[in-house]
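Chains as they are written, first to last, in my numbering: chain A, 22 to 242; chain B, 4 to 179.
Note that these hints are calculated values from the structure, not bench results.
Each residue gets a CB set at the ideal place from its N, CA and C atoms; glycine is no exception.
Incorrect hints may appear among the rest.
[What the hints assert, rightly or not] Capping the alpha-carbon separation at 16 angstroms, the derived lysine to aspartate or glutamate pairs in EDC-like fashion look like this:
1) B:K139 <-> A:E177
2) A:K225 <-> B:E138
3) B:K20 <-> A:E177
[Stated by the list, open to error] Derived contacts from chain B toward chain A, CB cut-off under 8 angstroms, selection only:
4) R8
5) S11
6) D31
7) K34
8) E36
9) T39
10) T43
11) T55
12) D57
13) I69
14) A71
15) Q73
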Amino acid sequence: MNDILIDKHQNYIYYADFADKITSSDNTAVKVINNIIDENQIINQKKTKEAFSSEIVHPLFIYQNSKQLKEYLEKNDIYKGQIVNKLVSVLYKDLREYTLDSCEMSLAERRIIDIEQNYTMAILGEVLQKIYIKHFDEPLILAGICDCLCRFDLSEVNPWGPAMLAGLLNHKSETVQEYATLLIENWSDISLLPMLESIDFSSKWLIEYVKEVIAYLKGNK
Amino acid sequence: MYYIRKLSKRTTLSKIKNTDNIHDIGADILKQELSTTNNTLSFWKCTNLENTKDTIKAILLSTTSIEASQFIIVNDQLIKKYEIDIDDKVAGNTGYKDHEKLHVDFCNLTYRKIGNILELFKEISEQTCLTRKLEKPEVKNYIDEVISDNMLDKSNIRPELLKDIEKYFSSKMVAS
Numbered sequence: 022m023n024d025i026l027i028d029k030h031q032n033y034i035y036y037a038d039f040a041d042k043i044t045s046s047d048n049t050a051v052k053v054i055n056n057i058i059d060e061n062q063i064i065n066q067k068k069t070k071e072a073f074s075s076e077i078v079h080p081l082f083i084y085q086n087s088k089q090l091k092e093y094l095e096k097n098d099i100y101k102g103q104i105v106n107k108l109v110s111v112l113y114k115d116l117r118e119y120t121l122d123s124c125e126m127s128l129a130e131r132r133i134i135d136i137e138q139n140y141t142m143a144i145l146g147e148v149l150q151k152i153y154i155k156h157f158d159e160p161l162i163l164a165g166i167c168d169c170l171c172r173f174d175l176s177e178v179n180p181w182g183p184a185m186l187a188g189l190l191n192h193k194s195e196t197v198q199e200y201a202t203l204l205i206e207n208w209s210d211i212s213l214l215p216m217l218e219s220i221d222f223s224s225k226w227l228i229e230y231v232k233e234v235i236a237y238l239k240g241n242k
Numbered sequence: 004m005y006y007i008r009k010l011s012k013r014t015t016l017s018k019i020k021n022t023d024n025i026h027d028i029g030a031d032i033l034k035q036e037l038s039t040t041n042n043t044l045s046f047w048k049c050t051n052l053e054n055t056k057d058t059i060k061a062i063l064l065s066t067t068s069i070e071a072s073q074f075i076i077v078n079d080q081l082i083k084k085y086e087i088d089i090d091d092k093v094a095g096n097t098g099y100k101d102h103e104k105l106h107v108d109f110c111n112l113t114y115r116k117i118g119n120i121l122e123l124f125k126e127i128s129e130q131t132c133l134t135r136k137l138e139k140p141e142v143k144n145y146i147d148e149v150i151s152d153n154m155l156d157k158s159n160i161r162p163e164l165l166k167d168i169e170k171y172f173s174s175k176m177v178a179s
């Protein structure tokens, strides 16, 4: 079996080398419902490891221990790597649908919310950084990432969020510069001011907007 | 009467303001900011400029995220000048209890009238009192007030916004 399965609102995502262990006793796929966690039912990490080393994992175990599952997967580089790669693939696909002329919430933003809720912010950070590096020459992808990240606070996306900012602000595409500045405005943190002040923007409208953001950040000291 | 609309992007106003001829504005802005449904555009009304808070709260709680927001405000003189028809029959979807009726539609819009609205945006783009903006912390404060006043209607909030609200105001949400 090549894949593992994680339930995402009934949409199954499969990962390599793991599905054998996440099947029910009748060999049907087990649903891991990450959103439904009863803290009282969570058992300790040791038991989680034992369960994953056994041949059969009962569906109820997965259901009751989705938080442990997430933690286990995060701590295990192999599984984590597989998950990150899969999420890179699905999120990139959504980001390719991103357009600048939409007034509605994008598929990518929904996916990012989903990843943050069902995995962790750290996983989301890894996914976004991989896309950022691999697709740095695709302005719409980068603009889409910035747009989606506006909904988070700086404290939530530290340290990987600000780490991407310098590249975004210095990007040759004015659209990426615009969306990176929107991101800085929404992160509302004076520590980002030097980065913004160090960039020369070309268009009058963008210079004016950047000035507004700089004034806001300075007033926010 | 005044009519308020939240722009999709904070940068739109700067783009409009810095375009000498409105016909040269990027086409993306038309779809992003002036995308119509049944030849209507949503606005929210208020009676005077000193009391826009309730209207803005209603708008903020009709969106999908807590973010820095740019508003444009249109007055009756401009409505008359640019020949805009208004329909207040359709209540708005907002998580601000009892404020659904602040919603109005600019209706009977045509290609020419969409151009008029863009001209209107250009005209007010230089007027600070008609182009209010809220930074993200201010948006949070507005929503915080709605929760404190027990005026949040969870059933009418879009799920993505509700997640944000629960994230920032979890303790208050439990209490409410």
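Run the structure past the numbered hints and jot down the numbers of the failing ones, going up. Failing hints, ascending: 2, 3, 4, 9, 10, 11, 12 and 15.
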